[in-house]
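Enquirer: Letter by letter, the chains look like this.
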Amino acid sequence: MKLKLEHYGKGLAKGLGVTFRHVLRHRITTQYPEERLSVSKRFRGYRMVWDEERCTGCATCAKSCPQGNIEIVTSTKRDENRYVVEKFEVDTGRCIFCGLCVEACPYDALFYSREYECSTYRRSDLVLSRDQQKRTEGKELSAYFHPEIEENLPAQTLLLDKAGRRSQSLWD
Amino acid sequence: MEVKTERFVLNMGPQHPSTHGVFRMRVTLDGEVVMDLEPKFGYLHRGIEKLAETRTYTQIISLTDRLSYLSSMTNNHAYVLAVEKLAGITVPERGEYMRVIMDEMMRISNHLAAIGFFLNDLGASVFTPLLYMYREREKLLDLFEMVCGQRLLYNYMRIGGLSHDFPSEFLPALKRFVAEMPAYLEEYEDLLAENEILLARTKGVGILPRELAINASISGPVLRSTGVKWDIRKADPYSVYDRFEFDIPTGETGDNYDRYWVRMQEMRQSLRILNQAIEQMPKSDQMNAAVPHFLHPPKGEAYGHVESPQGELGFYLVSDNSIAPYRLHIRAPTLINLTALREMVIGWKVADIVTTFGSIDVCLGEIDR
Ligand code: SF4
Ligand code: SF4
Numbered sequence: 001m002k003l004k005l006e007h008y009g010k011g012l013a014k015g016l017g018v019t020f021r022h023v024l025r026h027r028i029t030t031q032y033p034e035e036r037l038s039v040s041k042r043f044r045g046y047r048m049v050w051d052e053e054r055c056t057g058c059a060t061c062a063k064s065c066p067q068g069n070i071e072i073v074t075s076t077k078r079d080e081n082r083y084v085v086e087k088f089e090v091d092t093g094r095c096i097f098c099g100l101c102v103e104a105c106p107y108d109a110l111f112y113s114r115e116y117e118c119s120t121y122r123r124s125d126l127v128l129s130r131d132q133q134k135r136t137e138g139k140e141l142s143a144y145f146h147p148e149i150e151e152n153l154p155a156q157t158l159l160l161d162k163a164g165r166r167s168q169s170l171w172d
Numbered sequence: 173m174e175v176k177t178e179r180f181v182l183n184m185g186p187q188h189p190s191t192h193g194v195f196r197m198r199v200t201l202d203g204e205v206v207m208d209l210e211p212k213f214g215y216l217h218r219g220i221e222k223l224a225e226t227r228t229y230t231q232i233i234s235l236t237d238r239l240s241y242l243s244s245m246t247n248n249h250a251y252v253l254a255v256e257k258l259a260g261i262t263v264p265e266r267g268e269y270m271r272v273i274m275d276e277m278m279r280i281s282n283h284l285a286a287i288g289f290f291l292n293d294l295g296a297s298v299f300t301p302l303l304y305m306y307r308e309r310e311k312l313l314d315l316f317e318m319v320c321g322q323r324l325l326y327n328y329m330r331i332g333g334l335s336h337d338f339p340s341e342f343l344p345a346l347k348r349f350v351a352e353m354p355a356y357l358e359e360y361e362d363l364l365a366e367n368e369i370l371l372a373r374t375k376g377v378g379i380l381p382r383e384l385a386i387n388a389s390i391s392g393p394v395l396r397s398t399g400v401k402w403d404i405r406k407a408d409p410y411s412v413y414d415r416f417e418f419d420i421p422t423g424e425t426g427d428n429y430d431r432y433w434v435r436m437q438e439m440r441q442s443l444r445i446l447n448q449a450i451e452q453m454p455k456s457d458q459m460n461a462a463v464p465h466f467l468h469p470p471k472g473e474a475y476g477h478v479e480s481p482q483g484e485l486g487f488y489l490v491s492d493n494s495i496a497p498y499r500l501h502i503r504a505p506t507l508i509n510l511t512a513l514r515e516m517v518i519g520w521k522v523a524d525i526v527t528t529f530g531s532i533d534v535c536l537g538e539i540d541r
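Protein chains in written order, with the numbering used here: chain X, 1 to 172; chain P, 173 to 541.
Excised from the complex, chain X in its bound form (with noise of 0.2 Å):
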């Protein structure tokens, strides 16, 4: 195939052009693991987090799953009269991340965790049991379905401000 160079290589040069003002300009790539960019206050994380103080054991969250993903076993406590969560089971390698369980709590017993970096050497740790889900302190939640705990959250590092204006960001 013969190239046409129509304008005699204008394009080629004005394309340069742009790649030449891009030199001088600030870069905008993060050194992971050293700098972490701040998830969203929503973001739905690896890990589930459950309130065993709120959780009523009715078994709302398993049955919005659509993957069958969460298993409930409970038992009941007449003289109380309530139910006692035996087994809160979460296959994370199966979870597609729907958020519909946390949105379907109607105890706000279910929250999602700001985690990201879960990486495990096998698949049965992939699956959370009871107690690795508990709500403990130092366990970040996530605002997804929960309002309440937004306003406390760090702010979300976007792009937007630190690529900035095209004309602002030529030189600094």
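Calculated from the structure, these hints are not laboratory results. Note that beta-carbon positions come from the ideal geometry of N, C-alpha and C, so glycine has one too. Check each hint, because a few of them may be wrong.
Some chain P residues judged to face chain X by a derived CB distance under 8 Å, without partners named [stated by the list, open to error]:
id, residue
1, 234
2, 311
3, 317
4, 318
5, 320
6, 327
7, 336
8, 347
9, 348
10, 366
11, 368
12, 386
13, 387
14, 388
15, 389
16, 458
For chain X, the structure is supplied; the task is to place chain P with the ligands on it using the hints.
Expert: Just chain P with the ligands now, kept in the frame of chain X:
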């Protein structure tokens, strides 16, 4: 000098960097000239239509995300539209505006990826545009993440509305993006529009005849590149699209360059729509209609369709008054667009198959379902 060539059959794919996923083409070549091409689908088949029959109407939304995963939001929209038609639900006005904003953001983000990959298919020398376009797409993904917590598979729309409201910092950020984007679009054009290599490799290559495009029911930018002014947003307005002013960009010849050009122009139109939608959006709080958790639509059938970034995406639903649809069928635009690939590449070289395939903007998740 005469070179003696022999016909032979070449299999491209299913694992090939240029097939954008797992797709196989059986190409008959004579030397380097394409004599015949047979697309082979089905390497990614996940049975989404069948799976839908065992899930409730709300749960299926998360499946539709996984069709064309670069335009999940419009997939959501097409599906919920079909269910709303089936069950006779009206969405509050604010919900409709929010949907339009999401759709148009998705269109820009999908077109950026589509053009980037298309140029990448032209060869490593134009890898830069992909990076430039990903930079802007990344900003949109940030905004999506801000609204619904995910960057790729959103599961954001619900039957009768959306799952939750925009956070307060969303609209200002979107406004900034909309104000910034035209400058970046100009930058792309500086980089590309007159680039001799781009012109030589795309102008007049992979021409799709207009009659064939119409007869094969091709839609989206691939159809519009042949000069047919057809857009579901105008032809059968859904949501609040009839309230916005925008044009339908069309190409002339239906070659690879026109398809690239139509997508560039569509992004400009999307920005126009975004501007109007942000301005007109009602301030009220209500964005959801009251819909029972386990919906039982009456017996019947409905077809909902939207103009997804790739073309007409439709969902055909049959209900038997239970909590799951009796039958779901998806009209995937790229599957139908691909049926014309053979006619587009016959007589061209192997390298042109790759670019023509890229110019259709396929997403294999949608084709194999
Ligand atoms: S996020 Fe979705 S798939 Fe995962 S456990 Fe919850 S409902 Fe099931
Ligand atoms: S829906 Fe909420 S309260 Fe009910 S079982 Fe699940 S976590 Fe517990």
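Enquirer: Hint by hint, note whether the structure agrees.
Expert: Tested hints:
1. With 8 Å as the threshold, the beta carbon of residue 234 of chain P comes within range of chain X, its nearest partner Cβ sitting at about 4 Å, so the hint holds.
2. This hint holds: residue 311 of chain P has a C-beta 5 Å from the nearest C-beta of chain X, less than the 8 Å allowed.
3. For residue 317 of chain P, the interface hint holds, the least distance from its beta-carbon to any beta-carbon of chain X being 4 Å, beneath 8 Å.
4. At its closest, the beta carbon of residue 318 of chain P sits 5 Å from a beta carbon of chain X; the interface hint therefore holds under the 8 Å criterion.
5. Look at residue 320 of chain P: its Cβ gets to within about 7 Å of chain X, closer than 8 Å, so that hint holds up.
6. With its C-beta approaching chain X no nearer than about 5 Å, residue 327 of chain P sits inside the 8 Å limit, and its interface hint holds.
7. A cut of 8 Å between beta carbons decides the hint on residue 336 of chain P: the least distance to chain X is about 7 Å, and the hint holds.
8. For residue 347 of chain P, the interface hint is violated, the least distance from its beta-carbon to any beta-carbon of chain X being 10 Å, above 8 Å.
9. Taken as an interface hint, residue 348 of chain P checks out: its beta carbon lies about 6 Å from the nearest beta carbon of chain X, inside 8 Å.
10. For the restraint placing residue 366 of chain P at the interface with chain X, the shortest Cβ-Cβ distance is roughly 3 Å, inside the 8 Å limit, so the hint holds.
11. A hinted interface residue such as residue 368 of chain P counts as satisfied when its beta carbon comes closer than 8 Å to some beta carbon of chain X; here the least separation is about 5 Å, so the hint holds.
12. Contact between residue 386 of chain P and chain X, as hinted, is not supported at the beta carbon level, the nearest pair being about 31 Å apart and thus beyond 8 Å.
13. Taking 8 Å as the C-beta contact cut-off toward chain X, the hint placing residue 387 of chain P at the interface is violated, the least distance being around 31 Å.
14. Hint status for residue 388 of chain P: violated, given a least beta-carbon distance of 28 Å to chain X, over 8 Å.
15. The interface hint given for residue 389 of chain P is violated, since its Cβ lies 31 Å from the closest Cβ of chain X, which is over the 8 Å cut-off.
16. Nearest Cβ of chain X to the Cβ of residue 458 of chain P: about 16 Å, over the 8 Å cut. The hint is violated.
Comparing the model with each numbered hint stated earlier shows that hints 8, 12, 13, 14, 15, 16 do not hold.
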